[in-house]
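Visitor: For reference, the chains in residue letters:
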Amino acid sequence: MLEILIHGAVSSAIYAMLAVGFTLIFGVARVLNLAHGSFYALGAYGAYYFTSHLHMPLLPAALLAIGLVALFGVFVEKVLVRPMRRSQLAVLMITLAVALVVEQALFLTFGSEYRNVPEFVSRKFTIGGVDVGGQRLLALGVSVVLIGLLWLFIQRTRLGSAILAVSQDPEAASYMGIPSDRIFSIVMALSAALAAAAGVLAGPFLTVQPTMWLLPIVKAFAIVIVGGLGSIPGSILAALMLGYAETIVGYTISTSWTEIVSVAATLLMLVFRPAGMFGKRAAF
Amino acid sequence: MMKKLSVLFSAVCVAAGIAATPATAQTKPILIGVPTSMQLQVGRDTQDAIKMAVDDINAKGGVLGRKLEMVVADETENPETGISAIKKLTADEKVDVLIGGYTSGVTLAQLPHISRAKTIYLGVGAASPSITAKVKQDYDDYKYIFRVGPLNSAIQAGQLTDFISNFVKGELGISKIAIVGENAKWVQDLVPLLKKGATAAGADVRVTEMFDAQTSDFSPLFSKVKDSGAQYMVVILSHASSDVFAKQWYDARFPMPYGGIDVKSMDGDFCKRIGGKSIGELAVNFATRAPLTPKTIPFWDEFVKRTSRQPVYTAFGANDAVYIYAQAVERAKTTNADAVIKELEKTNYVGIPGIIQFDATHDVKPGSATYKGPALIFAQWRENCDREVIYPKTMRTAEFVYPPWIKK
Amino acid sequence: MFGKRIDFAGAAGFVAFMAVLPLVFGGNYLIGVLTVSVIYGIWAVSWDFMSGLTGRENFGHSLFIGVGAYTAGFLNTKFGFSGWWSLPASMIAATVFALIIGLPTLRLRGPYFALAMLSGAVIMQRLMLIFWEQTGGEEGINGIEPLIHSQLGFYYFALATLVVTTALLLALARSHWGLILRAIRGDEATCQAAGINVTYYKIASLVISAAFAGAGGALYAHYQLQVSPQLFAVVTSITIITMVYVGGMASIYGPVGGAILLVLLTELLRDFGEWRLMVYSCTLILILFFLPNGLIAPTWRRVKAKLGRPQ
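Chains as they are written, first to last, in the numbering used here: chain A, 1 to 284; chain B, 285 to 692; chain C, 693 to 1003.
These are computed hints drawn from the structure, not numbers from a lab. Certain hints may be false.
Below 27 Å or equal to it, Euclidean Cα-Cα: the simulated BS3-like pairs (lysine-lysine) are [what the hints assert, rightly or not]:
(1) B:K508 / B:K312
(2) B:K378 / B:K510
(3) B:K691 / B:K335
(4) B:K479 / B:K677
(5) B:K460 / B:K479
(6) B:K344 / B:K556
(7) A:K124 / B:K626
(8) B:K691 / B:K420
(9) B:K453 / B:K402
(10) B:K691 / B:K649
(11) C:K996 / B:K427
(12) B:K510 / A:K124
(13) B:K510 / B:K579
(14) B:K556 / A:K124
(15) B:K335 / B:K427
(16) B:K420 / B:K312
(17) C:K998 / B:K420
(18) A:K124 / B:K351
(19) B:K453 / B:K656
(20) A:K124 / B:K344
(21) B:K453 / B:K510
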């Protein structure tokens, strides 16, 4: 029982970090970014490359990786996505193409083998008789802090208000003199950085391989649909639900059924309540 | 095909010239088609090992006075691409023999197309028994199929059962075991046999759990195994994330040793690339750098010299397959498929993992106490990511040690 | 009138070209590549009929393809039916699935519908793996009999199926039916207000699209002699959408060209070895960027405009 509680929390935390960024860029720029999983992959590979090839210490390597991925996110948004924004299908296709290019680039540079991202904490902790790797607990903690900071940033700062304004009504926001294009870039950087952070934190205990972008994007998509596209609280709640649902299915039925849970939840949600739990026109 | 289109005109121009040149047949190279997953280590090693054999044979004058030449086609892990790779090699490149393969599903999908192309196929990567079973069911159509390696999964199950009864039960004194395998065809073939064999040998199989190859979080699985009361975890993994499995096993300091068939753990750098977390794992290898035959160590060293990495299992079969085919052609004095098949069936070749002979289904014969064919070698990852052979006992280089967090 | 005649001449010329190509160059390899490209053509056309016309992007077309292929595989290997039963049977099976998934999801808009269809396909793929005792797991069903033993004969049969499919769907798309579907794309609410039973038309178009995709799936199964869960994969749907994109959305004939072009391109890129998929993805980005309306349909329109201009 306690095992389900702990492991469910860890998966939920990773999912939340992925989903919040994904829903943020949709809420603000109406961009469904299929390259979101690639940011996650690049974060993990960045940490791997800087530590094992350039022999940097882990913390600077991780921060550098996250920063570079944020820059890459801005590049993708400015150069590739912006000219396509008139059509949602075009955005889906271009971001998908970006994801494929990133995957192939990783294949060609690092090969198909799994790579090792060093962990921040290698100790094992025993909580109430349950053995948990320290890195998992760290991922849980950092995720809570980062999402909390993001929430404060949006609610309490001037820039955050601008982001909120653009998400609620881009036209009105631009009449107010808010440069919406700059806001898009900033949000994309935030979204990419969150995904990269998830990659750096989960890399040590999950898969680090060129195709690692696919599953996270499917999960993020599912969470965001269940929570309501564009809603941050919705996606956090949905991340918790899916994280726990998967863990419970894994423990009680079989691990081969876990991957179907999120997809089935998406389908059911779309059929019965397509707006999701918190879906409104307003993003937050 | 495309080449044809693009060089159509030049082709037409020189066609007359080629037709006029007499008797090029004897000097035309013998083409070896290599369908493999080019982006994977198994695929790269297949190519490098074939290249080694080809260079060696060509340096000694080739086969029947003809040089050998290798043509590669990427079969990925997708049946559709696999089938088009076979068509490309057989119908477009018109190769004389195919050597390669990795994923059982792809190989099975390719079989009818290989049979229609009437081209000899020497498998070096896929382990499903269904592949060679076709030879028995329909000899005339499927006689082209041979497997040089690895041992098919039914035989692997047998040898794994011996390992459980002789070593896990006999030497470690553990009878409560758990069997954990990925959801793949060859594993599905293997698990029931293993379970039956282990139970017959007196082991108590507490839990059998299959999981998806994409699984990335093994905590639920580990917890089930732990709760079952098992004391040893037997694994069967090939496409799954062995790396993640080992890492999570170590991170949770999982309270029982594990071992079995773990294809990715055969990679020489497996232990290093996961930060030493597999130390303590006991995994099957098809060959190690040991004098299994007079060829093993020379091949191993030459391979490392040429590629600066340790060979994986497809390399052994691929290298042997070239020599086996070359010798069969020498004996048949032709590359005609029917004649070469007759000679291939008589193969008795001292290969890298052992003596290679084919049984009635064209499958490689496994080694036993009296016959030095290929057999499974269980090696344990040790301090500094070295490997020590633990089982079979006759080859043992060191005694088994428990992972440091398990008190015995 | 003249425009129609040019269209017809273009179509006839294209079919003749496809029919003669293997005779000129010969070789089972070329025939194989062309057969696969023609089957992808059927899939792309059927996708375009529903999604191109109504503007509801279906990211789970592979669902119908897979259902068609597995129906053919099951009937042929487990129940011993002749391959010729596969075509009608797989069309029916795909229709049933289209109704099951279409009725609840077609009211959804844009990305939601795309995602619902995608989920449907992913679930089917998972189920194939989970129930491996019945479905053969990741290896799928092997030992399917060829429909026609001669490879050239099969190619012509597939080509004929493609021509019939395209002609039928093109005729439908140019009838008042197609007009209504296009109107739905433009403004669904107005259509409803005008008394058109929007739901009926959307479901019917999905069913037609699915039936032809299923038939293509059956052809595929009898050509590859094997079906595997990878057919259900998202990649299959994405590949088809890419083909339609290259061909020119909502033109029906464009996707045929797109499919043939991309399958040939993929084979051409074999020489790039490891770099193949990288080159493919980069090409995709370039096409999206510089030819947002596709390649085939706009080119044909331009050719037509040139020919049709009175001298």
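Visitor: If a hint holds in the structure, say so; if it does not, say that too.
Guide: We went through each hint and held it up to the structure:
no.	hint	in the structure
1	B:K508 / B:K312	60 Å, violated
2	B:K378 / B:K510	54 Å, violated
3	B:K691 / B:K335	48 Å, violated
4	B:K479 / B:K677	23 Å, holds
5	B:K460 / B:K479	12 Å, holds
6	B:K344 / B:K556	38 Å, violated
7	A:K124 / B:K626	60 Å, violated
8	B:K691 / B:K420	50 Å, violated
9	B:K453 / B:K402	48 Å, violated
10	B:K691 / B:K649	40 Å, violated
11	C:K996 / B:K427	55 Å, violated
12	B:K510 / A:K124	17 Å, holds
13	B:K510 / B:K579	43 Å, violated
14	B:K556 / A:K124	21 Å, holds
15	B:K335 / B:K427	26 Å, holds
16	B:K420 / B:K312	34 Å, violated
17	C:K998 / B:K420	63 Å, violated
18	A:K124 / B:K351	59 Å, violated
19	B:K453 / B:K656	25 Å, holds
20	A:K124 / B:K344	58 Å, violated
21	B:K453 / B:K510	18 Å, holds
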